[in-house]
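There are 2 protein chains.
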Amino acid sequence: MSLTVFGSIGRDDITTPSGSVEGVVGGSAVYFSLAASLFTKVRLAANVGNDFPDQAWDVLRQRGTDFAGLQVFDDKKTFHWAGSYSGDMNEAETLVTDLNVLTEKPFVPESYTDSKFLFLANMAPETQLEILGQFPNSTVFADTMNLWIDIARPQLDALLSKIDGLVLNDGEARMLTGEQNLIRAGAALQKMGPKYVIVKKGEHGAFLFTPDERFGLLAYPVDNVVDPTGAGDSFAGGMMGALAAASSLTPKSIHRAMAYGTVCASFTVQDFSVRALEQVTRSEIDARFAELGDFLSFPP
Amino acid sequence: MSLTVFGSIGRDDITTPSGSVEGVVGGSAVYFSLAASLFTKVRLAANVGNDFPDQAWDVLRQRGTDFAGLQVFDDKKTFHWAGSYSGDMNEAETLVTDLNVLTEKPFVPESYTDSKFLFLANMAPETQLEILGQFPNSTVFADTMNLWIDIARPQLDALLSKIDGLVLNDGEARMLTGEQNLIRAGAALQKMGPKYVIVKKGEHGAFLFTPDERFGLLAYPVDNVVDPTGAGDSFAGGMMGALAAASSLTPKSIHRAMAYGTVCASFTVQDFSVRALEQVTRSEIDARFAELGDFLSFPP
Chain V
3 MSLTVFGSIG
13 RDDITTPSGS
23 VEGVVGGSAV
33 YFSLAASLFT
43 KVRLAANVGN
53 DFPDQAWDVL
63 RQRGTDFAGL
73 QVFDDKKTFH
83 WAGSYSGDMN
93 EAETLVTDLN
103 VLTEKPFVPE
113 SYTDSKFLFL
123 ANMAPETQLE
133 ILGQFPNSTV
143 FADTMNLWID
153 IARPQLDALL
163 SKIDGLVLND
173 GEARMLTGEQ
183 NLIRAGAALQ
193 KMGPKYVIVK
203 KGEHGAFLFT
213 PDERFGLLAY
223 PVDNVVDPTG
233 AGDSFAGGMM
243 GALAAASSLT
253 PKSIHRAMAY
263 GTVCASFTVQ
273 DFSVRALEQV
283 TRSEIDARFA
293 ELGDFLSFPP
Chain Y
3 MSLTVFGSIG
13 RDDITTPSGS
23 VEGVVGGSAV
33 YFSLAASLFT
43 KVRLAANVGN
53 DFPDQAWDVL
63 RQRGTDFAGL
73 QVFDDKKTFH
83 WAGSYSGDMN
93 EAETLVTDLN
103 VLTEKPFVPE
113 SYTDSKFLFL
123 ANMAPETQLE
133 ILGQFPNSTV
143 FADTMNLWID
153 IARPQLDALL
163 SKIDGLVLND
173 GEARMLTGEQ
183 NLIRAGAALQ
193 KMGPKYVIVK
203 KGEHGAFLFT
213 PDERFGLLAY
223 PVDNVVDPTG
233 AGDSFAGGMM
243 GALAAASSLT
253 PKSIHRAMAY
263 GTVCASFTVQ
273 DFSVRALEQV
283 TRSEIDARFA
293 ELGDFLSFPP
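Just so you know, the protein sequences line up as chains V and Y, in that order.
The opening residue of the first sequence carries number 3 in my numbering; numbering runs sequentially from there.
The opening residue of the second sequence carries number 3 in my numbering; numbering runs sequentially from there.
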């Protein structure tokens, strides 16, 4: 089933305990699409500048990605982010953020608007609302970040009242609700609108809150974390890709989709940038999905 | 099957965002025994002073606890700890530690030494080694803390080479191995001796590492954490109690025992001191155990 993603394309400089890379491929839409395209064809919408290598699209092209929403700005540079990780690597220290083409509105191709699933990666909630308005029949999931909780709360509240699913990390869930306890935070987020609330907890896994149930999933255990950049977007991409492929929102299909999400993220973190996500095959994903089932097997 | 625990009895002063209590019942052996006694009879060994209320033992008496190892010091005070929690309450700030009777060696009743299972709660590794020497036929699990990693590493290493199972928290696992990544830390701990390594992650659950498998369990989701004191000892008590009741160390029995451990801990944190653990019934434990199964149900 059709899946559209709106998000960012980036050139990243990343330093972790494993080393440093400069000008590598990044951005929420790229991580998301590479993960989702392991399960379904993706319609990508994002802004890019004049400095992005064309061969960066090779893998997504092979996986049948639709680039109608790729908006190229010949006179501008691509979004640039520089960050550094240390210690338990659960959070990056941001060193540089050059928005560049991200100050421009994204382009919404008419051909995308019949998508069954729409994912709005982190961006200004006002922009997310404008895009959402053009997808009246889609199931919409969105991400956000602390910046918008701080400076665009009314628009974010309006967005929350209109989306079907919210995907955010534990710190954002606490900040948005004022609840330190994540179970209370999940319940509070549901009251703000979204039927499905997914709280990502990094290496600790993720929670799902729906009107019918709560569900907890541990992350796939990784013993060689090289670069956590894009893990959350890979989780969202794997999850939405698997949901779109299943074309259903039953408890079972969402649990399975979340498990695919953590498996995608587990590959992402094992190398810098999108390297592992480009190289991984669907059969490797499925093998790790089965391993995760064993790791979590709890026979009551 | 018989289960002996050596640990502390305490009088605690505790401050959390929910309030403050003074001089309440605490100590690793008390939390452990109250949890374990929901599954099996417990043989308790611990030092206590002249200021501990006798009625504090009522519930453990009702649950058939053996007090032959309770050593009363008429001229000394009970171990006293004062601590405070804030924020996400994952760690206490210790304000006071008066060892009092804990400077005395514990008493080992001859009648305990045929126990099938022995749990050595946190204490000086040298003392743990001395006790262990008197239980030649027992399956021995032990806990430790950062203090001993710092000041008694040779004795701790000797202990690790002799015990069957190690139960410790994530921070201690990282400190003891020098590995930030918990999966690597678990593997490193196994190389130090214990066949079973259980890493407690507080609200994030626990990992199990054995020669045959790795297993991950999320914590039972609690939305009203009042006082986290004793959660780790309750986890260990519920786990060892369930293991002793099952009298087996198969993967399935250990997974189930860990689940019982997190269920016991989930009750502990919902009230100050040992209140919830004293009031809870086995049928309430089993109901929450089943709920946990639903919460974690992941049908691949």
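The set of hints was computed from the structure by calculation and includes no laboratory data.
Values in this document were obtained by computation on a predicted structure and should not be read as measured data.
One or more of the hints may lead you astray.
[As the list claims (entries may be wrong)] Here are a few chain Y residues that sit away from chain V, every Cβ distance over 10 Å (derived from the structure):
#, residue
1, E24
2, W83
3, T96
4, T105
5, A126
6, A189
7, T212
8, R258
9, R284
[Stated by the list, open to error] The calculated lysine to aspartate or glutamate pairs, modelled on EDC-like cross-linking and capped at a C-alpha distance of 20 Å, are:
#, chain 1, residue 1, chain 2, residue 2
10, V, K254, Y, E215
11, Y, K107, V, D225
12, Y, K193, V, D225
13, Y, K254, V, D225
14, V, K254, Y, E293
Just so you know, even glycine gets a beta-carbon here, dropped at the ideal spot from N, CA and C.
Pair hint K254 of chain V and E293 of chain Y, alpha-carbon separation not exceeding 20 Å: Between K254 of chain V and E293 of chain Y the Cα gap is close to 17 Å, so the pair holds against 20 Å.
Taking only the CA atoms, is the gap from K254 of chain Y to D225 of chain V under or equal to 20 Å? violated, 24 Å
Cβ separation check - A189 of chain Y to all of chain V, threshold 10 Å: violated, 7 Å
Measuring Cβ to Cβ, find out whether W83 of chain Y lies farther than 10 Å from everything in chain V. W83 of chain Y is indeed farther than 10 Å from all Cβ atoms of chain V, at 23 Å.
Exclusion check [A126 of chain Y not at the chain V interface, CB over 10 Å]: holds, 29 Å
Would you check the hint for K254 of chain V and E215 of chain Y, treating anything up to 20 Å between C-alpha atoms as holding? Between K254 of chain V and E215 of chain Y the Cα gap is close to 26 Å, so the pair fails against 20 Å, i.e. violated.
Using Cβ atoms and 10 Å as the threshold, tell me whether T105 of chain Y really stays out of contact range of chain V. holds, 36 Å
Regarding the assertion that R284 of chain Y does not contact chain V, is the least Cβ-Cβ distance greater than 10 Å? holds, 15 Å
R258 of chain Y clear of chain V by more than 10 Å, beta carbon to beta carbon? violated, 7 Å
Pairwise hint evaluation, D225 of chain V against K193 of chain Y, where the allowed Cα distance is 20 Å at most: holds, 16 Å
Quick check for students: does the CB of T212 of chain Y sit more than 10 Å from each CB in chain V? holds, 12 Å
Against the 20 Å threshold, does the CA-CA distance of K107 of chain Y and D225 of chain V hold or violate the hint? violated, 40 Å
Hints 6, 8, 10, 11, 13 from the list above are not met by this structure, while the remaining hints are.
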